[in-house]
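Asker: From just these sequences and the hints, can you work out the full model?
FYI, the numbering for the first sequence is 72 to 976, going by our numbering.
Derived by calculation from the structure, the hints in this document are not laboratory data.
Built from N, CA and C at the ideal position, the CB exists for glycine as well.
Among the hints, erroneous ones may be present.
[To be verified] EDC-like cross-link-like pairs, simulated, lysine to aspartate or glutamate; straight-line CA separation at most 16 Å:
(1) LYS691 x GLU740
(2) LYS511 x GLU318
(3) LYS782 x GLU817
(4) LYS115 x ASP543
(5) LYS467 x GLU447
(6) LYS233 x ASP543
(7) LYS583 x ASP604
(8) LYS112 x ASP211
(9) LYS122 x GLU901
[As the list claims (entries may be wrong)] Pairwise CB distance ranges (calculated):
(10) HIS687 x GLY472: 49 to 59 Å
(11) ASP820 x VAL966: 24 to 34 Å
(12) ALA868 x SER749: 50 to 60 Å
(13) THR905 x GLU304: 26 to 36 Å
(14) GLU838 x GLY540: 48 to 58 Å
(15) ARG891 x LYS112: 17 to 27 Å
(16) THR121 x GLU552: 53 to 63 Å
(17) GLU572 x ALA137: 15 to 25 Å
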Amino acid sequence: MSQNNNPESDAHEQKPGRGERVRYRPQDIEPKWQRYWSEHKTFKVEVDHTKPKYYILDMFPYPSAAGLHVGHPEGYTATDILARYKRMRGFNVLHPMGWDAFGLPAEQYAIETGTHPRETTARNINTFRRQIQSLGFSYDWDREISTCDPDYYHWTQWIFLKLYERGLAYMADVPVNWCPALGTVLANEEVIDGKSERGGHDVVRKPMRQWMLRITTYAERLLAGLEQLDWPESVKDMQRHWIGRSEGARIRFPLCRADGTLLPGEDSFFDVFTTRPDTLFGATYCVLAPEHPLVDRVTTPAQHEAVEAYRQETSRKSDLARTDLVKEKTGVNTGGYAFNPVTGAAIPVWVADYVLITYSTGAIMAVPGGDQRDWEFAKRFNLPIIDVVQGGDIDKEAYVGDGPHIHSGFLNGLNVADAKKRMNAWLVEHGYGEGTVTYKLRDWLFSRQRYWGEPFPVIHVDGKPQPLGPNDLPVLLPEVESFLPTGTAEPPLAAVTQWVETTDRTTGKPAKRETNTMPQWAGSCWYFLRFIDPKNSSHPWDAEKERYWMPVDLYVGGVEHAVLHLLYSRFWHQVLYDCGLVSTPEPFQRLVNQGMILGFSYRYYEDETGKRYSYHTVEKIAQDGAEEPLYVVAGQPTVNLTIRYIPVEKVEWRDEKPYHPEESNLELEPQQDKMSKSRGNVVNPDAVVSEYGADALRCYEMFMGPLEQVKPWNSRSVAGVSRFLARVWALLIDDNGDLRSHIVAEAPDPQASVTRRYHKTVKKVTEDLEGMRFNTALSALMELVNEAQKADRLPRAVVEGTVMLLSPFAPHVGEELWERLGHTKTLAYESWPTYDPMLVRDETVTVPVQVNGKVRATIEVAADADQAVILTLARAQEKVQSYLTGKTVRREVVVPGRLVNFVVS
RNA sequence: GCGAGAGUGGCGGAAUUGGCAGACGCACUAGACUUAGGAUCUAGCCCGCUUGACGGCGGAUGGGGGUUCAAGUCCCCCCUCUCGCACCA
72 MSQNNNPESD AHEQKPGRGE RVRYRPQDIE PKWQRYWSEH KTFKVEVDHT KPKYYILDMF
132 PYPSAAGLHV GHPEGYTATD ILARYKRMRG FNVLHPMGWD AFGLPAEQYA IETGTHPRET
192 TARNINTFRR QIQSLGFSYD WDREISTCDP DYYHWTQWIF LKLYERGLAY MADVPVNWCP
252 ALGTVLANEE VIDGKSERGG HDVVRKPMRQ WMLRITTYAE RLLAGLEQLD WPESVKDMQR
312 HWIGRSEGAR IRFPLCRADG TLLPGEDSFF DVFTTRPDTL FGATYCVLAP EHPLVDRVTT
372 PAQHEAVEAY RQETSRKSDL ARTDLVKEKT GVNTGGYAFN PVTGAAIPVW VADYVLITYS
432 TGAIMAVPGG DQRDWEFAKR FNLPIIDVVQ GGDIDKEAYV GDGPHIHSGF LNGLNVADAK
492 KRMNAWLVEH GYGEGTVTYK LRDWLFSRQR YWGEPFPVIH VDGKPQPLGP NDLPVLLPEV
552 ESFLPTGTAE PPLAAVTQWV ETTDRTTGKP AKRETNTMPQ WAGSCWYFLR FIDPKNSSHP
612 WDAEKERYWM PVDLYVGGVE HAVLHLLYSR FWHQVLYDCG LVSTPEPFQR LVNQGMILGF
672 SYRYYEDETG KRYSYHTVEK IAQDGAEEPL YVVAGQPTVN LTIRYIPVEK VEWRDEKPYH
732 PEESNLELEP QQDKMSKSRG NVVNPDAVVS EYGADALRCY EMFMGPLEQV KPWNSRSVAG
792 VSRFLARVWA LLIDDNGDLR SHIVAEAPDP QASVTRRYHK TVKKVTEDLE GMRFNTALSA
852 LMELVNEAQK ADRLPRAVVE GTVMLLSPFA PHVGEELWER LGHTKTLAYE SWPTYDPMLV
912 RDETVTVPVQ VNGKVRATIE VAADADQAVI LTLARAQEKV QSYLTGKTVR REVVVPGRLV
972 NFVVS
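Answerer: This is how it looks when you write it as structure tokens:
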């Protein structure tokens with residue numbers, strides 16, 4: 072493997088510094104301490120009932136071929152700082168790292184190159200591990216796990232069996248997102264605007280036999296469980312929206328003829344869901360989704376052709392086109408009728424794609440007077456609109472507000488809430504439906520037609536799925552000849568005949584193995600439980616260890632997992648809780664999302680002929696319904712331009728402005744974008760480590776701004792933080808590499824400003840760490856160091872405390888200085904410094920004196936000076952006098968220790 | 001369209017929650033030390049007016065209004081940006 076990026080290789084050839092000064096050299100000390108931690112297993116933990124536990128977890132990465140980018144260490148640094156801080160506060164800290172190692176890219180790479188995904192994955196893991204370890208994180212590496220390891224997926228399969236036992240796993244024919252280019256089915260969340268999330272290939276709908284997990288059974292609990300979690304409100308909201316609970320009623324509409332007589336037959340009806348059962352009197356037509364099974368039966372021969380044509384048309388439409396809001400509503404009359412149970416009227420049944428087969432029953436009753444979508448449809452096709460709730464103007468739009476019901480028989484005069492109750496009772500009484508709850512959440516499509524995933528512990532006997540027993544686990548992933556998709560919907564495993572063909576142990580009958588594999592989410596649904604007991608070969612985890620460590624106290628990761636990973640994990644955890652296998656109903660007590668780190672990119676524009684344009688001459692034209700605007704040459708709207716990027720390192724800078732390297736007068740447009748190869752704005756952490764060291768990278772990532780915030784990477788600022796670490800170094804170590812002689816063993820002088828600053832800093836850093844305000848904690852440390860630089864004597868206690876305060880942020884510097892202070896073992900378990908509350912308060916304070924709210928003078932007073940003293944002193948100020956003479960003092964505001972304000976006129 | 005969040009110097013960002021706006025850092029300017037500096041140190045650095053200078057005066061937290069002795073912070077209206085969701089009946 073290439074050693075080019077190894078932080079141990081010395082990029083900075085020693086220019087003999089003047090007089091051979093011994094300076095801060097991260098290249099020397101960082102590998103030294105990383106080796107120390109690793110050899111001494113400094114961060115190895117076990118259950119210890121004498122200490123409070125703290126489980127702090129990072130979302131484990133998918134080890135991609137690209138390696139770590141600077142976004143990863145942001146969250147990892149934050150958790151590492153807290154892990155180190157908590158250890159020094161006496162907590163038994165569980166802080167593990169592992170790999171989410173099954174996944175599409177390794178398999179796609181295998182398809183392209185024939186390299187086994189296992190090899191690619193192992194290589195990528197090694198890179199990731201090396202990079203992560205070069206940053207000095209205090210993980211307990213003895214707990215490292217990988218989801219593609221049979222010792223791990225053994226238990227993923229085991230949990231699947233638990234789900235199956237409880238009736239939560241089943242097979243069904245579902246219209247799935249079939250992606251011909253990838254040769255696989257994608258989950259809804261992997262499809263964006265009708266294209267595959269990865270690669271942007273076309274996706275079509277196709278019915279297939281699939282494994283499903285009944286997550287909908289847990290909808291209510293997944294919703295309720297959110298209440299007790301210490302998570303960002305926005306994430307909870309996203310989950311609530313995703314679950315999408317809505318209360319309403321199920322109403323049965325029998326099919327009928329134009330004259331209102333019912334059609335015969337068991338299946339001559341359809342159900343609709345409505346949140347507004349109170350508006351049933353205003354239901355003037357019904358709409359079935361084009362995919363609705365009853366469409367054929369409802370459609371009259373005369374309308375058959377038109378309906379068929381419409382269904383064909385919609386099936387070809389992408390989801391994007393179907394949900395495009397700007398377009399007009401479309402639909403076709405089936406010619407059939409439904410019986411409005413409350414009015415007795417025969418109302419027409421239409422087919423329209425604004426009704427989605429995937430939500431609820433795939434059919435609606437249309438109340439154009441009370442629903443804007445129905446109103447638009449009714450206007451378009453001249454369907455009747457009845458006003459059922461007073462308060463709006465149905466000539467202009469549907470009225471969705473509250474008000475007394477009209478034209479509604481027994482509901483007349485009631486408000487919406489009462490009318491709903493009344494109607495629900497009526498529906499039950501007459502057998503036409505009932506009040507009910509519907510969720511947007513759908514059952515989880517749990518199989519993929521892929522090779523690189525967990526095999527299902529299932530065989531098919533006589534065409535029926537049969538779970539294997541726990542002793543048959545793990546079902547190992549077999550070797551395959553080719554990773555190419557079979558071209559059909561058949562998964563690659565189907566081609567491994569020897570593996571597929573098996574026998575049922577209990578009956579001896581021939582059986583076939585399930586050839587689908589589990590989705591990538593499976594492994595990440597429970598990895599935090601395996602970390603608790605990663606080597607256990609007889610159980611997924613030990614129950615007592617689970618009781619000790621769970622729940623995860625703090626979970627840090629990107630917002631991109633706000634819904635899916637976090638919802639799926641919660642679902643599995645609740646099931647495991649019901650099985651009595653875990654002791655907490657929720658897995659992650661506290662969640663924090665780190666903000667994305669952006670990179671500066673530099674763009675220009677190009678037309679078809681290759682002519683380049685600067686952003687000064689380019690105009691953006693927003694397009695309806697499209698994400699990206701159109702770029703044209705200003706004044707020439709016909710010339711369509713393409714965005715081009717110049718990689719950061721190739722940009723030419725003149726007068727602080729970026730220019731094209733080949734066209735020197737072409738000024739580039741600086742932008743802050745998500746880091747990506749195509750934009751040429753990716754910052755590689757290895758490069759930062761080799762230039763400035765891991766401690767500087769860590770500190771810079773924290774110093775950039777609040778953790779949760781999106782923020783741009785600025786390479787020059789890393790140097791500033793690196794200088795700070797060098798100043799800390801120089802504060803303790805002289806040019807010969809010895810401890811500075813002004814560091815003295817004497818007790819700190821409580822009057823010395825550095826002592827007071829130190830105590831304030833202990834307080835500030837401690838509070839900021841508790842509140843995860845790493846940026847302000849670091850600036851407080853910088854202020855302390857600036858102050859300490861001015862002192863001619865530094866008490867040892869202050870110096871040691873300062874090193875300890877800094878050590879969670881810059882652990883290598885921390886350990887090295889700690890050692891040079893004469894200590895022989897790691898500072899990782901030293902007691903966190905404390906402060907003296909008396910020394911945190913200044914004895915005297917500077918108080919501004921305002922006249923009419925403008926500061927005119929400041930006075931120095933004792934911190935506890937009373938109002939009278941302050942006022943007398945304030946009045947005595949010459950400057951204040953000059954503003955008071957000739958004026959009447961209307962009011963005197965004195966906030967002790969804060970300010971004085973004279974209100975005069 | 002709906003929901004959430006955010007707008008503070010040239011830049012990243014601070015501001016004890018209503019009390020001196022701009023901490024800390026970057027960039028920049030000047031100086032010192034240097035054979036050298038993309039090293040280090042010292043000082044300056046929101047904007048405008050004014051002063052020979054010390055200084056003085058005024059303005060400023062997206063825009064407008066309000067409450068208050070006092071507003072970046074609280075209230076109302078508007079604008080912009082970011083991120084989710086998006087025909088969910």
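Asker: Going through the earlier hints one by one, which of them does the structure break, listed in rising order?
Answerer: 3, 4, 7 and 17
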